[in-house]
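Trainee: Produce the entire structure from the sequences given, and follow the hints as far as they go.
2 protein chains.
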Amino acid sequence: MDANAKKTALRMIPYGLYVLASRSNDGQIATATINWVTQASFEPPLVAIGVKRDSAAHAFIQESGSFALNVLGKGQQDLAFAFFKSPEAEGDTVGGQKFSTAVTGSPVFENAAAYLDCRMTEMAQGGDHSIFLGEVVDAEVRRQIEARADDETLLLRDLGEKTFYGG
Amino acid sequence: MDANAKKTALRMIPYGLYVLASRSNDGQIATATINWVTQASFEPPLVAIGVKRDSAAHAFIQESGSFALNVLGKGQQDLAFAFFKSPEAEGDTVGGQKFSTAVTGSPVFENAAAYLDCRMTEMAQGGDHSIFLGEVVDAEVRRQIEARADDETLLLRDLGEKTFYGG
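Chains as they are written, first to last, in the working numbering: chain A, 1 to 167; chain B, 1 to 167.
Just so you know, these hints were derived from the structure itself, not from any lab. There may be inaccurate statements among the hints.
[As the list claims (entries may be wrong)] Pairs of lysine-lysine residues, derived as DSSO-like cross-links and limited to a Cα-Cα distance of at most 30 Å, are as follows:
| hint | chain 1 | residue 1 | chain 2 | residue 2 |
| --- | --- | --- | --- | --- |
| 1 | A | LYS74 | B | LYS7 |
| 2 | A | LYS52 | B | LYS52 |
| 3 | B | LYS7 | B | LYS162 |
| 4 | B | LYS98 | A | LYS6 |
| 5 | A | LYS85 | B | LYS6 |
| 6 | A | LYS74 | B | LYS98 |
| 7 | B | LYS162 | B | LYS6 |
[Said to hold, decoys possible] Have a look at the derived ranges for each label pair, beta carbon to beta carbon:
| hint | chain 1 | residue 1 | chain 2 | residue 2 | range |
| --- | --- | --- | --- | --- | --- |
| 8 | A | ASP2 | B | GLY160 | 28 to 38 Å |
| 9 | B | GLU88 | A | GLY27 | 51 to 61 Å |
| 10 | A | GLY91 | B | GLY75 | 43 to 53 Å |
| 11 | B | LYS98 | A | MET1 | 20 to 30 Å |
| 12 | B | GLN144 | A | GLY27 | 31 to 41 Å |
| 13 | A | THR93 | B | GLY96 | 50 to 60 Å |
| 14 | A | TYR165 | B | GLU161 | 42 to 52 Å |
| 15 | B | THR93 | A | THR93 | 36 to 46 Å |
| 16 | A | GLU88 | B | GLU146 | 34 to 44 Å |
[Claimed, not checked] Footprint (simulated), chain A over chain B, 3 or more residues, beta carbon under 8 Å:
| hint | stretch |
| --- | --- |
| 17 | 1-14 |
| 18 | 34-40 |
| 19 | 104-118 |
| 20 | 128-136 |
| 21 | 146-157 |
Ideal Cβ placement from N, Cα and C applies to all residues, glycine included.
Mentor: Structure, rendered in structure tokens:
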């Protein structure tokens, strides 16, 4: 296999950007900007997300059995970059962003364009990332959607020419 | 949960378009235009795809343990629509598109912008779709990539205002 062809073909997959958030059973919060996300079923409504195996978010999702996907909107590059660094929670903010608690107990950010609050249903081991399947148990959209909903979403490509992964 | 919020938030996830192709052990070919695709690991290189549980492609992937993802490029709306209908193979074409056989035995289309040839490693049951994890064992890119690779990919949004799923 040609390593460059593999890399380029994989980079042809387009992505949106999301702040993944999860809470441990003792109340700690883990966040991470991620992009490996797809819907996985209509009925029940499922999403599949790729999460780095050695991350705090991975540990907290396994422990709590839930996570929230905060969907970033056009113009929210600053949030994407802030959560690449997995900032610590301080009171009711993480990385300067105010959060509240969704149905599953996962943190959702007031400024995100939308969120999907999910109960984990299955985990596939995969490789350096695991794939978690989550059933959407609550959702909210904080923007007026004029045309296509996916036009409102911050894309990985909106982060510039050098960024191909946000996991 | 507000059903409209759930629908809209899920539709905020952006997608590319792919012709999934798989071959049964007795040589039959199944194809389908799909969009629920994400990378799932760097090492080993894995992709995760959502496949309708009652489709021929689903059955053939389970049987053969492999599949190819043909990545559609900008301007290939005609291929996306042709494979929505899961056309029958005729000789070395499906839906008028010439294919050859990749390393895993899965069909790859000469006109596709790229392909990822995959050996199935895991299946998560999910809901009305299963999630297959596949290890990329071969790949080819048939376009000159000038800037970002994901700029070359046909997007679900390129199919017009009404198309939100191609599975």
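Trainee: Indicate, hint by hint, whether the structure satisfies it.
Mentor: Hint-by-hint comparison with the structure:
Distance hint between LYS74 (chain A) and LYS7 (chain B) is fulfilled; the C-alpha atoms sit about 19 Å from each other, no more than 30 Å. Distance restraint check for LYS52 (chain A) and LYS52 (chain B): the Cα-Cα separation of roughly 27 Å lies within the 30 Å cut-off, and the hinted pair is therefore satisfied. Among the hinted pairs, LYS7 (chain B) with LYS162 (chain B) is consistent with the structure: their alpha-carbon atoms are about 14 Å apart, no more than 30 Å. Simply put, LYS98 (chain B) and LYS6 (chain A) have alpha-carbon atoms about 22 Å apart, close enough for the 30 Å limit, and the pair holds.
For a cut-off of 30 Å, the pair hint linking LYS85 (chain A) to LYS6 (chain B) stands: about 29 Å separates their Cα positions. Using a Cα cut-off of 30 Å, the hinted pair LYS74 (chain A) and LYS98 (chain B) is violated, with the two alpha carbons roughly 39 Å apart. At most 30 Å may separate the alpha-carbon atoms for a hinted pair to count; LYS162 (chain B) and LYS6 (chain B) meet this at roughly 17 Å. For ASP2 (chain A) and GLY160 (chain B), the Cβ-Cβ distance of about 35 Å falls inside the hinted range of 28 to 38 Å, so the restraint holds.
About 57 Å separates the C-beta atoms of GLU88 (chain B) and GLY27 (chain A), a value consistent with the hinted range of 51 to 61 Å. One distance hint, 43 to 53 Å for the beta-carbon pair GLY91 (chain A) and GLY75 (chain B), holds here, with the actual separation near 51 Å. Taking 20 to 30 Å as the suggested C-beta distance range, the pair LYS98 (chain B) and MET1 (chain A) conforms, at roughly 23 Å. Judged by the Cβ atoms, the range 31 to 41 Å given for GLN144 (chain B) and GLY27 (chain A) is violated: they are separated by roughly 52 Å.
Distance hint check: the CB atoms of THR93 (chain A) and GLY96 (chain B) are about 56 Å apart, consistent with the given range 50 to 60 Å. Distance hint check for TYR165 (chain A) and GLU161 (chain B): the Cβ-Cβ separation is about 30 Å, which falls outside the suggested range of 42 to 52 Å. A beta carbon spacing of about 58 Å between THR93 (chain B) and THR93 (chain A) contradicts the range 36 to 46 Å that was offered as a hint. A hinted range of 34 to 44 Å holds for the C-beta pair GLU88 (chain A) and GLU146 (chain B), which are about 41 Å apart.
Using a Cβ-Cβ cut-off of 8 Å, 11 residues of the stretch 1-14 of chain B lie near chain A, which meets the minimum of three, so the contact claim holds. Coverage of the stretch 34-40 of chain B by chain A holds [criterion: at least 3 residues with CB-CB distance below 8 Å; count 5]. Figure legend: the stretch 104-118 of chain B, annotated as covered by chain A; annotation consistent (4 residues with Cβ-Cβ distances under 8 Å, at least 3 required). For the stretch 128-136 of chain B, the stated coverage by chain A is satisfied: 5 residues place a CB nearer than 8 Å to a CB of that chain, which reaches the threshold of 3.
Remark: the stretch 146-157 of chain B is confirmed as covered by chain A, as 10 of its residues place a Cβ nearer than 8 Å to a Cβ of that chain, reaching the required three.
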